[in-house]
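A.B. asks: If you want the building blocks of each chain, they are given just below.
Number of protein chains: 2
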Amino acid sequence: MSEIVKPTIEGLSCPVPLPHQERITVGHGSGGKMMHDLITKAFMKPWDNPSLRAGNDGSVISTHGHARLVVSTDAHVVSPLFFLGGDIGSLAVCGTVNDVAMMGARPLYLTASFILEEGLEIETLARVVDSMCASAKEAGVQIVAGDTKVVGKGSADGMYISTTGVGLLPDRVNIGGAEAKPGDAIILSGTLGDHGIAVLSARGALGLETELESDIAPLNDLIAKMMSASSRIHVLRDPTRGGLATTLNEIARQSNVGIVLDEGTIPIKPAVDSACELLGFDPLYIANEGKLVAIAAEEDSAKVLEVMRAHKYGHEAAVIGRIAAEPAQRVLLKTLIGSHRVVDVLMGEMLPRIC
Amino acid sequence: MSEIVKPTIEGLSCPVPLPHQERITVGHGSGGKMMHDLITKAFMKPWDNPSLRAGNDGSVISTHGHARLVVSTDAHVVSPLFFLGGDIGSLAVCGTVNDVAMMGARPLYLTASFILEEGLEIETLARVVDSMCASAKEAGVQIVAGDTKVVGKGSADGMYISTTGVGLLPDRVNIGGAEAKPGDAIILSGTLGDHGIAVLSARGALGLETELESDIAPLNDLIAKMMSASSRIHVLRDPTRGGLATTLNEIARQSNVGIVLDEGTIPIKPAVDSACELLGFDPLYIANEGKLVAIAAEEDSAKVLEVMRAHKYGHEAAVIGRIAAEPAQRVLLKTLIGSHRVVDVLMGEMLPRIC
Chain U
1 MSEIVKPTIE
11 GLSCPVPLPH
21 QERITVGHGS
31 GGKMMHDLIT
41 KAFMKPWDNP
51 SLRAGNDGSV
61 ISTHGHARLV
71 VSTDAHVVSP
81 LFFLGGDIGS
91 LAVCGTVNDV
101 AMMGARPLYL
111 TASFILEEGL
121 EIETLARVVD
131 SMCASAKEAG
141 VQIVAGDTKV
151 VGKGSADGMY
161 ISTTGVGLLP
171 DRVNIGGAEA
181 KPGDAIILSG
191 TLGDHGIAVL
201 SARGALGLET
211 ELESDIAPLN
221 DLIAKMMSAS
231 SRIHVLRDPT
241 RGGLATTLNE
251 IARQSNVGIV
261 LDEGTIPIKP
271 AVDSACELLG
281 FDPLYIANEG
291 KLVAIAAEED
301 SAKVLEVMRA
311 HKYGHEAAVI
321 GRIAAEPAQR
331 VLLKTLIGSH
341 RVVDVLMGEM
351 LPRIC
Chain B
1 MSEIVKPTIE
11 GLSCPVPLPH
21 QERITVGHGS
31 GGKMMHDLIT
41 KAFMKPWDNP
51 SLRAGNDGSV
61 ISTHGHARLV
71 VSTDAHVVSP
81 LFFLGGDIGS
91 LAVCGTVNDV
101 AMMGARPLYL
111 TASFILEEGL
121 EIETLARVVD
131 SMCASAKEAG
141 VQIVAGDTKV
151 VGKGSADGMY
161 ISTTGVGLLP
171 DRVNIGGAEA
181 KPGDAIILSG
191 TLGDHGIAVL
201 SARGALGLET
211 ELESDIAPLN
221 DLIAKMMSAS
231 SRIHVLRDPT
241 RGGLATTLNE
251 IARQSNVGIV
261 LDEGTIPIKP
271 AVDSACELLG
281 FDPLYIANEG
291 KLVAIAAEED
301 SAKVLEVMRA
311 HKYGHEAAVI
321 GRIAAEPAQR
331 VLLKTLIGSH
341 RVVDVLMGEM
351 LPRIC
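Protein chains in written order, with this note's numbering: chain U, 1 to 355; chain B, 1 to 355.
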């Protein structure tokens with residue numbers, strides 16, 4: 001999409017980028033259209049290669065006749081460092097484990113590089129490291145390499161953590177954003193928006209206080225069970241920055257298909273629903289860190305759903321829509337009152353520093 | 001080493017860490033003893049596994065009966081972003097390419113995650129990305145995955161870049177810090193300290209102005225040629241943070257050997273020498289980004305040296321010392337006047353944000 005379109009987020013003023021925007025703004029880190037444009041312009045052109053062009057959560061790399069591997073990387077800058085249900089450490093491990101797993105690969109190894117701010121309490125670092133350890137253990141991955149840099153006071157917000165994951169891609173697995181086919185079912189693994197609202201709540205901003213926990217979780221075991229149940233899972237994606245709306249728009253473009261969602265089937269916790277109403281947010285755009293969208297052949301959707309619902313990270317899984325041939329590259333939401341509205345990508349930034 | 005010893009850096013006040021230091025200081029990012037202690041305490045214990053324990057620049061990972069791979073990761077926080085001979089982009093690519101290559105592996109793929117500060121000029125980002133592209137091209141690696149996060153003004157210093165490299169380790173190659181053997185020759189690929197002094201000069205700090213360029217370079221081609229010339233290269237290491245002194249101390253400990261250097265054989269540019277004299281620095285502790293130390297069987301040292309001197313990144317290569325059985329875990333420098341002094345690891349921080 002080259003046109004600049006207005007976002008569909010109610011109650012928000014999303015800045016429309018200038019044609020020749022010359023400085024980085026928070027909107028460039030949103031996961032939405034501004035970030036997409038920046039990445040296309042600043043990175044994809046100079047670095048162009050098939051892995052980047054595929055636009056998936058991870059890249060498939062070959063090792064010269066040996067195994068196919070998947071690598072994926074993410075920087076984590078969440079603020080605050082700790083919140084209900086998680087912290088920057090569990091986020092850094094689970095986020096990257098999930099990106100590797102969304103390619104259908106089995107995550108095996110992680111690397112972690114830390115940027116620490118002078119003055120950070122070592123006790124705080126220790127808590128984060130322990131949390132990474134626990135998440136890595138649950139996910140069954142080893143953290144095999146790391147790096148630590150220290151920057152002066154004010155040059156980082158406590159700490160930033162970049163993680164890179166390496167996973168093994170089984171033969172014949174071909175899961176990716178371009179594989180959705182008309183007729184496929186769209187399955188969401190659970191409730192939307194828990195992570196974003198939990199982080200926002202931890203900021204104490206906007207007078208919001210909830211007991212809501214982030215959904216941060218490693219989803220590789222869930223995915224392994226789904227893949228055992230069906231060989232016709234075409235797309236797996238975790239709706240992080242930019243939320244489900246942005247993720248589905250990416251898939252619609254990559255696969256050149258239409259997506260039709262049924263609003264009444266999308267699981268949302270009452271606490272998220274009321275927080276969003278209060279703040280003027282749309283849960284479809286809120287970041288999640290322990291949820292996935294699976295697009296699978298309709299014939300297999302019942303058995304995929306069954307294994308998901310039997311798993312602790314998928315017991316609220318639901319079929320939330322279908323892939324259609326038309327309208328190509330668009331996401332439509334059939335609302336509760338029966339009308340259809342276009343669900344666009346996130347334009348600017350809704351919640352900075354959410355992951 | 002559990003004891004806390006004074007550093008041997010003349011003219012510098014290196015803070016001796018308190019036994020129960022509770023906050024991160026710039027010294028924790030130095031590459032020296034404080035960083036080593038932090039890593040041991042904060043990361044190695046909770047994450048303990050053989051790859052981390054090996055303490056090399058990269059980790060060898062297996063892919064379940066397929067190829068042996070090497071992964072390595074580094075965060076880059078150099079300040080300023082641009083300096084003579086390089087920038088944060090060339091540093092981020094070459095630094096990680098070199099860490100993978102120092103394991104004897106052939107670097108193939110990189111990932112890059114960016115933390116961008118709000119307000120950064122996109123033109124600046126574009127220059128850095130172009131620079132990464134040029135370095136990746138020279139090194140023959142592909143940048144296959146990336147991530148971009150944006151933090152608010154003041155929460156990063158322009159940008160930080162974390163890169164992770166993946167390389168293929170040929171069969172039977174076993175290069176690592178624990179492989180040095182008494183009698184081995186120690187070969188340095190060129191002059192010491194160029195990078196550190198070039199960055200310092202770009203800061204305009206300390207009244208220092210030089211035309212000296214950083215030595216940033218991808219060393220994988222040089223290493224490939226060295227490995228073709230000899231199958232008895234036991235250790236390869238790039239003396240980055242903490243400089244040659246710290247790197248050799250690490251090797252002395254890992255291999256449980258003594259190292260004896262001959263001061264008169266260590267190549268140092270006159271500009272680096274005078275800058276160090278002026279500032280009270282010891283070139284042995286200054287960071288390099290395009291140099292390597294090779295420890296090889298004495299019988300092969302002449303042919304290794306020959307291919308190094310024929311290479312553009314090794315034409316000033318020299319044998320600078322020998323591995324000895326004693327004094328175990330110590331580095332000694334035979335000075336120009338014939339005395340011996342102990343060369344210890346860097347203790348605190350000499351030049352923060354050098355890489």
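Note that these hints are calculated values from the structure, not bench results. Check the hints yourself; a few may be wrong.
[As the list claims (entries may be wrong)] Only pairs whose alpha carbons sit at most 27 Å apart, straight line, appear in this in silico DSSO-like list of lysine-lysine:
#	chain 1	residue 1	chain 2	residue 2
1	B	Lys45	U	Lys137
2	B	Lys153	B	Lys181
3	B	Lys153	U	Lys41
4	U	Lys41	B	Lys137
5	U	Lys137	U	Lys181
6	B	Lys137	B	Lys181
7	U	Lys153	B	Lys225
8	B	Lys41	U	Lys137
9	U	Lys153	B	Lys153
10	B	Lys153	B	Lys225
11	B	Lys303	B	Lys181
12	B	Lys269	B	Lys312
13	U	Lys269	U	Lys225
14	B	Lys137	U	Lys45
The structure displayed is predicted, hence computed values, not measured ones.
A.B. asks: Are there hints from earlier that the structure breaks, and if so, what are their numbers?
C.D. replies: Numbers 2, 5, 6, 7, 10 - these are the hints that the structure violates, sorted from lowest upward.
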